[in-house]
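Keeping their order, the protein sequence lines are chains F and P.
Residue numbers for the first sequence follow my numbering, beginning at 1 and rising by one.
Residue numbers for the second sequence follow my numbering, beginning at 1 and rising by one.
Incorrect hints may appear among the rest.
Straight-line alpha carbon distances no greater than 27 angstroms define the calculated DSS-like cross-link-like pairs of lysine-lysine that follow [to be verified]: (1) F:LYS189 to P:LYS157; (2) F:LYS129 to F:LYS52; (3) F:LYS60 to F:LYS129; (4) F:LYS189 to F:LYS35; (5) P:LYS141 to F:LYS189; (6) P:LYS106 to F:LYS189; (7) P:LYS141 to F:LYS35; (8) P:LYS76 to P:LYS167; (9) F:LYS129 to F:LYS270; (10) P:LYS35 to F:LYS96; (11) P:LYS215 to P:LYS102; (12) F:LYS52 to F:LYS147; (13) F:LYS147 to F:LYS35; (14) P:LYS157 to P:LYS167; (15) P:LYS141 to P:LYS215.
Taking beta-carbon pairs under 10 angstroms as the criterion, some of the chain P residues facing chain F (in silico) [said to hold, decoys possible]: (16) TYR33; (17) PHE41; (18) ARG46; (19) PRO50; (20) TRP53; (21) MET54; (22) ASP58; (23) GLN59; (24) GLN68; (25) GLN120; (26) PRO121; (27) VAL143; (28) TYR145; (29) MET185.
Since the hints were made in silico from the structure, they are not lab data.
Note that the coordinates shown come from a computational prediction; the quantities given were computed from them, not determined experimentally.
We put the CB at the ideal spot given by N, CA and C, even for glycine.
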Amino acid sequence: MIQALMRMLFGSIVAGACIGSVAAQDSKVADELAKYREALADGNPADLLEVKGEALWAEKRGPRNASLEQCDLGLGPGKLEGAYAQLPRYFADTRKVMDVESRLVYCMVTLQGFKQDEVTRQWFSKPGKESDIEALVTFIGAKSNGKPINVPAAHPEEQRMAKIGEYIFYRRSGPQDFSCAICHGQDGKRIRLQELGNLTTREGAGTAMKTWPSYRVSQGAVWTMQRRLIDCMRQARWPEPDYLADSIIALETFLQKTATGTVMETPGIKR
Amino acid sequence: MKPRYALFGTLAAVIAVPSLAQTKPVEPPGGRYAKDAEQVFRSSFRVDNPKYWMSRLDQDETMRLCGQYRDNPPRKIGAQLEKANQATIRYPVEGKLIGDWKEGEKLAAVGTGGHIGFIQPDPPGRLRGGNCYACHQLAQKEVAYGTIGPSLQHYGKTRGNSEEIVKYTYDKIYNSNAFTACTNMPRFGLHSWLTPEQITHIVAFLLDPESPVNKD
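With the sequences and hints as input, model every part of the structure.
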């Protein structure tokens, strides 16, 4: 159904855009895209995953037959409201800056007794193979809906990670000379028809960060922020980072810090 | 004079002192953690990435300095980089810089190729294009164009196809940094992303009067 809608709307974008001046074309295209997004937002498939995540959170699982209800995501054991919006942050117990995914995995290991490579094997879903992590992160994310992003990066370790993220954001390499900043360092640009946020501004970073995790229509799956950023590196034609790598957490810290103050609207829905 | 303006006057006077006249350089990304950051970045990749994939993370002087200056280098450094990049440009053996615009049109639309990693790599031998439409408007009929680069619609119509323009166009695609250090545009020839021959096809797509870039 969604794909049929996409085809129909894309058809009308192309048909509509063939008439009129270049400026009119541009605004027409933008209008059609906005309508398309609106149509998609009504009934987000991510809502189903959120329900699944809620059940997984409370279910006793793993070698220790324990639930995740005592997991501390930064606001205290079991405190979920607004937890996603204040991550990544420094955790004294691991002496590391952790994002929602690395912390969740830590809880699955320490509370439920799973082995790390076991729980991260299916860190993202494939057709016919669902991912518990995706479901849990969607559930945790939704618990921050309506809460402002709050990553001031005041702790020295958080500050360090934000700066490392900034470094990576501008670092150019690969056969296309890419960095994050190439596409995401200016206002009001598009790649093909896709609008690009200026992630160096609060508004741009806010628009990007507030809607993750997000259901991606083109992929037919919910993507977490780790998945999003690891794919950015694929698009840059770089090798593949480790899941939960510090470079990804550093980028998240940099982006969440820049986005701080923006109100979360999650789960999102995107192209 | 109101106090606020008095303060402004004082500041203006201080800034006008020659030794302070230069604008303060922007801090390199990463600040005092830049070295640390390079190490964190490099060690964040899967150990099973083959070496020839990992070499894609190596930076030449242009990449390194562009990052350091947030793609906005001081003019002196920019000029040095442009000179160094100019020296890398190689031409097709036959010397002809205008190829087949129809081939160029195809290459301008292709955005695939060169993706590596274990999740969604391109199959071996996948065509690598110039992906020009990702960033530029070109033929009028293609409405799905990006805006990171300037519109190139009627590129040849407005510029003509003098020898100078042909060479500039070829050179720009081969190594964009020969003209503007730290531009967003990739260096297609330098990285062998496109062959010199493929570049001549894109030159034709931009300049041939029969190409939809100029005709419509």
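Verification of the hints:
1. F:LYS189 to P:LYS157: holds (25 angstroms)
2. F:LYS129 to F:LYS52: holds (14 angstroms)
3. F:LYS60 to F:LYS129: It holds: about 21 angstroms lies between the C-alpha atoms, which stays within 27 angstroms.
4. F:LYS189 to F:LYS35: holds (19 angstroms)
5. P:LYS141 to F:LYS189: holds (20 angstroms)
6. P:LYS106 to F:LYS189: holds (24 angstroms)
7. P:LYS141 to F:LYS35: holds (23 angstroms)
8. P:LYS76 to P:LYS167: holds (25 angstroms)
9. F:LYS129 to F:LYS270: Since the Cα atoms of F:LYS129 and F:LYS270 sit roughly 21 angstroms apart, the hinted pair holds (cutoff 27 angstroms).
10. P:LYS35 to F:LYS96: holds (19 angstroms)
11. P:LYS215 to P:LYS102: Holds, at roughly 13 angstroms.
12. F:LYS52 to F:LYS147: holds (22 angstroms)
13. F:LYS147 to F:LYS35: Roughly 26 angstroms between the alpha carbons, so the hint for F:LYS147 and F:LYS35 holds.
14. P:LYS157 to P:LYS167: Roughly 16 angstroms separates the two Cα atoms, so the pair holds.
15. P:LYS141 to P:LYS215: holds (11 angstroms)
16. TYR33: At about 4 angstroms, which falls below the 10 angstroms cut-off, the nearest Cβ of chain F leaves the hint on P:TYR33 intact, so it holds.
17. PHE41: At about 5 angstroms, which falls below the 10 angstroms cut-off, the nearest Cβ of chain F leaves the hint on P:PHE41 intact, so it holds.
18. ARG46: Holds. Min distance 5 angstroms.
19. PRO50: holds (8 angstroms)
20. TRP53: Since the shortest Cβ distance to chain F is 4 angstroms, the answer is holds.
21. MET54: holds (6 angstroms)
22. ASP58: P:ASP58 check passes; min Cβ-Cβ to chain F is 7 angstroms, inside 10 angstroms.
23. GLN59: holds (5 angstroms)
24. GLN68: Holds: closest Cβ of chain F sits about 8 angstroms from P:GLN68, inside 10 angstroms.
25. GLN120: holds (6 angstroms)
26. PRO121: holds (8 angstroms)
27. VAL143: This hint holds: P:VAL143 lies near chain F, its Cβ roughly 4 angstroms from the closest one there, short of 10 angstroms.
28. TYR145: holds (7 angstroms)
29. MET185: holds (8 angstroms)
Checked against the numbered hints listed earlier, the structure breaks none of them; every hint is satisfied.
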